[in-house]
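S.K.: The lines below spell out each chain.
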Amino acid sequence: MSPEPVSLAPASEKTPDMVRATLRNLLAHKLRLLLSAVAVVLGVSFVSGSLVFTDTIRKTFDDLFASVTADVTVSPKEAFDAGFSGTVSTAALPASTVQTVESVEGVESAVGDVFVEGVQIIGTDGDVVGVSGAPGIAVNWTDNENLTSLTLADGRPPRAAGEIAIDADTAEKSGYRVGDTVRLLTPALPTTAELVGVFRFGSSGGLAGATLTALDTATAQSLLPQPDTFTSVSVAAQEGVSDTVLRQRVREALPDGSVVVRTQAQQTEEDSGEIESGLQFFNIVLLVFAGVSLFVGSFMILNTFSMLVAQRTRELALLRALGASRRQVTRSVLAEASVVGVVGGVVGMGAGLLIALGLKAAFKASGLEIETGSLVFRPRTAAWSLVIGVVVTLVAAYLPARRASRVAPVAAMRDDIAMPTKSLRWRTVIGVVLTSAGVVVLVGSLSASGQRAASLVGLGVLLTILGAIVLSPVLSRPVIGVLGALYPRLFGTVGRLARDNAQRNPRRTAATSSALMVGLSLVGAFGVLAASINASIGGLIDRALGADYVVSSPQQAPFGAGVATALERLPEVRSVTRQRFGAARIDGSTVFIAAADPASLAQSITVDYSAGSAAGLTKGLLVDQPTAEAKSWAVGDRVDLTFLGGATASLPVAGIYEPNGALGPYVVSLDTWEDNGGDTRDSFLYVNLAEGAAPTDARPTVAEVLAAYPNLDLLDHAGFKEQQRGQVNQLLFLIYALLALAILIAVLGIVNTLALSVIERTREIGLLRAVGMSRRQLRRMVRLESVVISVFGAALGLLLGVLFGVLLQRSLAGQGINDLAIPTVSLLVFLVVAGVIGVLAAIWPARRAARLDVLRAVTTE
Amino acid sequence: MSSTLPTDRASAARAVDLTKVYGTGDTRVVALDSITCAFEQGRFTAIMGPSGSGKSTLMHCMAGLDTATSGSALIGDVDLTTLDDKRLTRLRRDSLGFVFQAYNLVPTLTALENITLPMDIAGRRPDKDWLDSVISTVGLADRLDHRPNELSGGQQQRVAVARALAARPAVVFADEPTGNLDSRSGAEVLSFLRRSVHEMGQTMMVVTHDPAAAAYSDRVVFLADGRIVDEMVDPTAELVLERLKRFDVSGASVPGARVGEDA
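Residue numbers (this note's numbering), protein chains in the order written: chain A, 1 to 861; chain B, 862 to 1124.
The hints are simulated quantities; they were obtained by calculation from the structure and are not laboratory data.
Values in this document were obtained by computation on a predicted structure and should not be read as measured data.
Even glycine gets a Cβ: it sits at the ideal position worked out from N, Cα and C.
Careful: at least some of the hints might be erroneous.
A short, non-exhaustive set of chain A residues, derived as facing chain B with CB atoms under 7 Å [unchecked claim]:
hint, residue
1, Thr493
2, Pro506
3, Arg507
4, Val771
5, Met773
6, Asp819
7, Val854
8, Leu855
Simulated pairs of lysine to any residue, SDA-like, Cα-Cα distance not exceeding 20 Å [said to hold, decoys possible]:
hint, chain 1, residue 1, chain 2, residue 2
9, B, Lys947, A, Arg848
10, B, Lys947, A, Phe733
11, B, Lys947, A, Arg780
12, A, Lys631, A, Arg585
13, A, Lys77, A, Lys59
14, B, Lys947, A, Arg851
15, A, Lys360, A, Phe733
16, A, Lys59, A, Glu269
17, B, Lys989, A, Gly492
18, B, Lys947, A, Arg776
19, B, Lys1106, B, Arg1080
20, B, Lys947, A, Arg856
Work out the full structure: start from the sequences and follow the hints.
M.R.: Okay, here's the thing in structure tokens:
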């Protein structure tokens, strides 16, 4: 053997051809690393984007609550934490509380505050100002500058009934100016008022999308359920009196157990705490998607490094032959991976800002506008981005690195080099075990309930997906054989070669398609779930809705009781059933409870009673069958309820009904509800027309009444279904939008693998070109390979998705999702889309393959 | 020095003033220096020469795998230098056969599929009788369902030869076809090449550095420094070796002209 194989190299490198080849090689290498970095960038950017976005929202709310100005705040005590939004207590403080507090030693001043939801401004365009669903809040104007967060910007404060002031953002959006007559909706009736002033709120001026209206105290109080009360009392301390001391004194002065007294710090924490928990959930959802993206991205990294290592086998073997230890080889690969991880992490961090902007836009588009200031980038975001980028890359590169170290030194001298490949037998065993375990857990989750069922479903999905990933190399050969069966017939030899190429390296094919599989299994699961929910809603409405019309707001925000009163006056209307929702506490746990008119309930909603009837609802309680069974209640048993305001009632079970999605588990009468301090706003109105009035004829009359309420929709059966489904579909699209990122990574993974395959098969491609394959045929070959790999991943993913979806539906069958629907058409569309994705992913690698210089390809080493 | 055109046979391929230059300025290397040469139909021509003589470049240009800087490379009456990639590809597919030193077969296809590959790509049906006779000539009848990795090096190269012959190309080009084989397998492959020329009337152009391989040919063309310096009809291994030794003595090989040998 020549003693100086290395010294030969410079001689040949002097020729321009070799220089070019070397440069090109280096560039190709860079390109490969860049491609694998793209996976890291995308995954990390989603993590960083989620963090930036939630930090930004959090800052917005923090700014908002930092405007708590009172040193001490007195609020009525709520019996428990309802845990879901939209439930408003009507608990209030009597006006006398203000006087009591004022007389406490150390109090500089105290004012009563009124806070009312459901006051919306109707803009000059006739629509409710602000995005639908955003709260419309009314407060009383307080002149005490120490105790208000409102600063007058224009005009003067409201002083009498018929005068209002609004926040600057709302003024700008609505187009109203001081002096204009403003239409507004209140919990009572729609009305008009003169705009006398415009103010700013707190330091930022805005309210995260909510509209704020200030009224004089008496008018504001008239909107509360109980006259002459306040929703809270703000207290300013005298100089030298600490908040804590004052809080103690105020608490002692007030009747025990009826109020909560908080210092400024405590109140701020309390206010932001509620938002915080909401944000936390939101953050978790985003991070789950980020996790999916990273999981998917790690396959791309794994694949890239596997191929890089495979291509460098000879080089690595030479290193080994020259005395490099296994560990050194592993380390060299891992070092490369860390560079990719760091670069990917840093770039991903930056790209996260774009994602955060995208999220803002997406939320705006889906009607969930949250007005925020500029993006907030915390050091934590940077740290996480880097850590995640590096760790994920290292983990993904570890397997290939270890395999690299196993390259025998003798491989350097062999002509045809192949990485040591293990048999797929263990893989099959592990895959089957994992998948079976996953399915068993999933099936087991059917008999569990609540939180436990949810975690079992999560575990089952994870196990099944992992099992499928492990199994997919085993499946790839036969499945692609089937999928590609038509290829040779349709595309001749080109098709045949494409199919064979896809089957050639099962691990690579599987790793490439796994990303798509994971993404599409989630797409499939949500698709089935959404279709089932929609079908169930449709079925429920068909079965249960007896009323001619339903009146509700698109976001199902509660609205003033005046609407029902106005509708009841119409001669065409026989009855209007009001329905409200809220929270109550039974047996120590918080439950969702509905309140409805007992008299007309039967006309509006078809309820099947297995025991008792609605007859006793006025003074009793209706319970659905599963709840009654779980609690072993029978008709006549008394149930103790605690309402949000603290009132308690002991109600007899009047009837037990089959589960009904329109009612939920518990129903009380409106009287019981109001007597115990429940929210007086309605969530749904069911309108029953008088005998002889045709729905089509009566509609204009009913619509005329509702014209005063632009926030409400008048819906017939079809419209109601549409509205309900619209919400489900909106959520589904949001989920799809988030999953689109995982799919994008999957697509890049396919591009990456194909591009590397093309490089790896340079000589083979050269040979094919030499014996007469045209560029077009070559491009088609790469494209067909890409399509069959994509469709394989998609088919496997959708199959799993349908399985997950069906099991999810079964486990939720008791909770109103009774009908299983498999959206066959959408699933087929996704499969076709996967094919299109394959075509798109192949564009660049195919072009690269076609551009290969035939001579260089056949003579290349 | 230019070769004399034989009058008794029509030429299947011709080079006319064929020149190939790599690089410019200081790095300018003339790989082929205005070569004019004819390759007769139904004959086995070997191209020999020291490293860097341009023999591989000549073959690549004649086979439409590389583009000439000037001059013409003709297959029959078609001048390859005037064809675009599409036409060139079609010409290679329909009129030329190739045997390379290594990596001659598509690993995912069986031996038979590899043999019929050019016709399959073209969408043509192979001539069954011809195919059978080619297969029996190379002695692969019992190995047709095997994949390349199940065949020995010699067998693989015989499959490659069969593929080159199966479509009845105007010319078969072979670039060091025995370079990777042991001498027995090499001899086998060469005798198949020779039989295809003598029994089937195939035109064959083989680049080799092995005098033993050249001895199978009807005529040897010697290249040095991108020019044809000599030729020999009905060569023997000894005569070829003798002739090659004279290159070594004269030191005709120029280091800078190694282009085309290895890349």
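S.K.: Tell me if A/Met773 is really an interface residue toward chain B, meaning its C-beta lies closer than 7 Å to one of theirs.
M.R.: At 5 Å from the nearest chain B Cβ, A/Met773 passes the 7 Å test, so the hint holds.
S.K.: Please work out if B/Lys947 and A/Arg776 have their alpha carbons no farther apart than 20 Å.
M.R.: The hint holds at about 9 Å.
S.K.: Holds or violated: B/Lys989 and A/Gly492, Cα atoms, limit 20 Å.
M.R.: Holds, at about 19 Å.
S.K.: Report holds or violated for the interface hint on A/Pro506, using the least CB-CB distance to chain B and a cut-off of 7 Å.
M.R.: With a minimum Cβ separation of about 13 Å from chain B (threshold 7 Å), the hint on A/Pro506 is violated.
S.K.: With the threshold set at 20 Å, check whether the alpha-carbon distance from A/Lys631 to A/Arg585 stays at or below it.
M.R.: holds, 14 Å
S.K.: Any CB of chain B closer than 7 Å to the CB of A/Thr493?
M.R.: holds, 4 Å
S.K.: Take a quick look at whether A/Lys77 and A/Lys59 sit within 20 Å of each other, Cα to Cα.
M.R.: violated, 28 Å
S.K.: For A/Lys59 and A/Glu269, compute the direct alpha-carbon distance and say whether it is at most 20 Å.
M.R.: holds, 13 Å
S.K.: Holds or violated: the hint that A/Val771 contacts chain B, with Cβ atoms closer than 7 Å.
M.R.: With a minimum Cβ separation of about 5 Å from chain B (threshold 7 Å), the hint on A/Val771 holds.
S.K.: Is the Cα-Cα distance between B/Lys947 and A/Arg780 20 Å or less?
M.R.: The given pair, whose Cα atoms are some 15 Å apart, holds under the 20 Å limit.
S.K.: With a cut-off of 7 Å on the beta carbons, see whether A/Val854 makes it to chain B.
M.R.: holds, 5 Å
S.K.: May I ask you to test the interface hint for A/Leu855 with respect to chain B, counting a Cβ-Cβ separation under 7 Å as satisfied?
M.R.: Since chain B brings a Cβ to about 5 Å from A/Leu855, closer than 7 Å, the hint holds.
The structure does not agree with the numbered hints 2, 3, 6, 10 and 13 stated previously, though it agrees with the rest.
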